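If you read the protein sequences in the order shown, they are chains Y and D.
Per my numbering, the first sequence starts with residue 176, numbered consecutively.
Per my numbering, the second sequence starts with residue 176, numbered consecutively.
If you are wondering where the hints come from, they were derived from the structure by calculation, not from laboratory data.
Possibly wrong hints are sitting among the right ones.
Identical chains blur together in the list; that is why a pair holds if it fits in one copy or across any two.
Unchecked claim - Below, computed lysine-lysine pairings styled on DSSO-like, alpha-carbon distance capped at 27 Å:
| hint | residue 1 | residue 2 |
| --- | --- | --- |
| 1 | K227 | K262 |
| 2 | K193 | K333 |
| 3 | K262 | K194 |
| 4 | K239 | K418 |
| 5 | K418 | K385 |
| 6 | K418 | K386 |
| 7 | K246 | K186 |
| 8 | K418 | K333 |
| 9 | K227 | K239 |
| 10 | K401 | K377 |
Here the structure is a predicted model, which means the values were calculated and not measured.
Protein chains: 2
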Amino acid sequence: MISSTGNARVKKIAEYAKKAKARKEDGVFIVEGIRMLREVPFDLLREVYVTKHFMENVSGDDRKLIDEISKSDGATLEEVTDDVMKKMADTQTPQGVLAIVRQNRWTLEDMLSGNALLLILENIQDPGNLGNMFRTGEGAGVTGIIMSSDMADVYNPKVVRSTMGAIFRVPFLYVDSIPEFTRKLHNEHGINCYAAHLKGKKNYDEIDYKKPSAFLIGNEGNGLTKEAADAASEYVLIPMLGKVESMNAATSAAILTFEAARQRRN
Amino acid sequence: MISSTGNARVKKIAEYAKKAKARKEDGVFIVEGIRMLREVPFDLLREVYVTKHFMENVSGDDRKLIDEISKSDGATLEEVTDDVMKKMADTQTPQGVLAIVRQNRWTLEDMLSGNALLLILENIQDPGNLGNMFRTGEGAGVTGIIMSSDMADVYNPKVVRSTMGAIFRVPFLYVDSIPEFTRKLHNEHGINCYAAHLKGKKNYDEIDYKKPSAFLIGNEGNGLTKEAADAASEYVLIPMLGKVESMNAATSAAILTFEAARQRRN
Numbered sequence: 176m177i178s179s180t181g182n183a184r185v186k187k188i189a190e191y192a193k194k195a196k197a198r199k200e201d202g203v204f205i206v207e208g209i210r211m212l213r214e215v216p217f218d219l220l221r222e223v224y225v226t227k228h229f230m231e232n233v234s235g236d237d238r239k240l241i242d243e244i245s246k247s248d249g250a251t252l253e254e255v256t257d258d259v260m261k262k263m264a265d266t267q268t269p270q271g272v273l274a275i276v277r278q279n280r281w282t283l284e285d286m287l288s289g290n291a292l293l294l295i296l297e298n299i300q301d302p303g304n305l306g307n308m309f310r311t312g313e314g315a316g317v318t319g320i321i322m323s324s325d326m327a328d329v330y331n332p333k334v335v336r337s338t339m340g341a342i343f344r345v346p347f348l349y350v351d352s353i354p355e356f357t358r359k360l361h362n363e364h365g366i367n368c369y370a371a372h373l374k375g376k377k378n379y380d381e382i383d384y385k386k387p388s389a390f391l392i393g394n395e396g397n398g399l400t401k402e403a404a405d406a407a408s409e410y411v412l413i414p415m416l417g418k419v420e421s422m423n424a425a426t427s428a429a430i431l432t433f434e435a436a437r438q439r440r441n
Numbered sequence: 176m177i178s179s180t181g182n183a184r185v186k187k188i189a190e191y192a193k194k195a196k197a198r199k200e201d202g203v204f205i206v207e208g209i210r211m212l213r214e215v216p217f218d219l220l221r222e223v224y225v226t227k228h229f230m231e232n233v234s235g236d237d238r239k240l241i242d243e244i245s246k247s248d249g250a251t252l253e254e255v256t257d258d259v260m261k262k263m264a265d266t267q268t269p270q271g272v273l274a275i276v277r278q279n280r281w282t283l284e285d286m287l288s289g290n291a292l293l294l295i296l297e298n299i300q301d302p303g304n305l306g307n308m309f310r311t312g313e314g315a316g317v318t319g320i321i322m323s324s325d326m327a328d329v330y331n332p333k334v335v336r337s338t339m340g341a342i343f344r345v346p347f348l349y350v351d352s353i354p355e356f357t358r359k360l361h362n363e364h365g366i367n368c369y370a371a372h373l374k375g376k377k378n379y380d381e382i383d384y385k386k387p388s389a390f391l392i393g394n395e396g397n398g399l400t401k402e403a404a405d406a407a408s409e410y411v412l413i414p415m416l417g418k419v420e421s422m423n424a425a426t427s428a429a430i431l432t433f434e435a436a437r438q439r440r441n
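Full structure from sequences and hints, please.
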């Protein structure tokens, strides 16, 4: 039982909630709430913290999961006071259970088995947008997500929550140069890389995505850099009616990947 | 020049930023920033407040717009101190220009001229989601948005910002009963109303949306109520791969309305 908010471990965990650097150094991140805990692959679980109130109320399959964790060699289970939970958690009203989870390591090969469908994200800044792209991407059958190193951290608690568990299932990679990596995907792996772009000559639904494909999506405010757009095999246009000048980044990703999914079903 | 944050008008405007009730009583809402000000139909503008710094830096077409406002009979232009602007604005870093805008009144007829494509939203709570549905909806050619009266207020400053101006162009209505209104749309106006639902037997892309159509979208956490889903002409399924159980509400709306737009183009 940890009851002091001054406890070194508690302080470290509060740091994980706030700082990408601390998470990166220790190769971990935070998962909050029973719903997200259910999604964590068991071998990635390291520490689970629970409140008394949570333990008194957990039942059914969730009870079984907690029992399994308490008996496992790989993960620890420890009770903490409400105050300690509040200190560790990122949310205003913590849900009584919080886990420290090992960061997964993926490789490009993880993304290219089968018929690749990739998202290449450049400088996405909004955590909700990023998390949503994981969630939507998984639903559309995306086989991997490539991200620029200047982006929102995928292990930010708000991103983790918004993925609804997809963070554990969709392989992802950070790369230093989106243009270089895009060219590599095309030249070495035969993947057609499409940039959603207002200068696209073809509508996005006039292209065949049954072959290995990737979609380049740019920053919320500025779109893709010229260098990244130039590295694409082709520009595609999402035609917009009214006076709309652009789509939200996650919305563009949804429209494109679900068009690919539609074609691949038919 | 208003320099006192205790000024009655300033206090009233701060109330508009925070309270739906105050906005409703006076039939107005707040628009912040020059980018959004450009989108406001001139006849809806009532009061525009600017800081000294803004006036010293505004140029080009924006300067012309401000000059036009200062000369107009319908709208007032007044300078305020930075402190007063901060007090009135909803944002942490106000952009130096803020307008009080009259709420628009739409009717169902505004939505049904031409080939109707409607969104029927039930109990959407997230302002960003709601704003995004206006923006995406306009891009897809949505002719109107019907909302349940228990939803996020469309005039909430965060919703207004997220619409990127679509709030001025997409007709919308609040209704007391979504099930009743849905039946009315179908029975009296011949509009097919589709509920995005996990029990859908047909995939969403197997349906003909070239005829007048509407999509029912439910609350972020709970989906559609049984009553609303029952009122639909048909359930449609957005097939999801992986372990994804549901899509974000705005994402579902984007996938459905852009499929309708795709069919209507072809």
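Outcome of the hint check:
no. : hint         : result
1   : K227 to K262 : within (16 Å within a copy, 43 Å between copies)
2   : K193 to K333 : both (10 Å within a copy, 25 Å between copies)
3   : K262 to K194 : within (14 Å within a copy, 31 Å between copies)
4   : K239 to K418 : between (54 Å within a copy, 21 Å between copies)
5   : K418 to K385 : between (32 Å within a copy, 22 Å between copies)
6   : K418 to K386 : between (33 Å within a copy, 23 Å between copies)
7   : K246 to K186 : within (26 Å within a copy, 59 Å between copies)
8   : K418 to K333 : between (32 Å within a copy, 20 Å between copies)
9   : K227 to K239 : within (17 Å within a copy, 64 Å between copies)
10  : K401 to K377 : within (19 Å within a copy, 41 Å between copies)
Checked against the numbered hints above, the structure breaks none of them.
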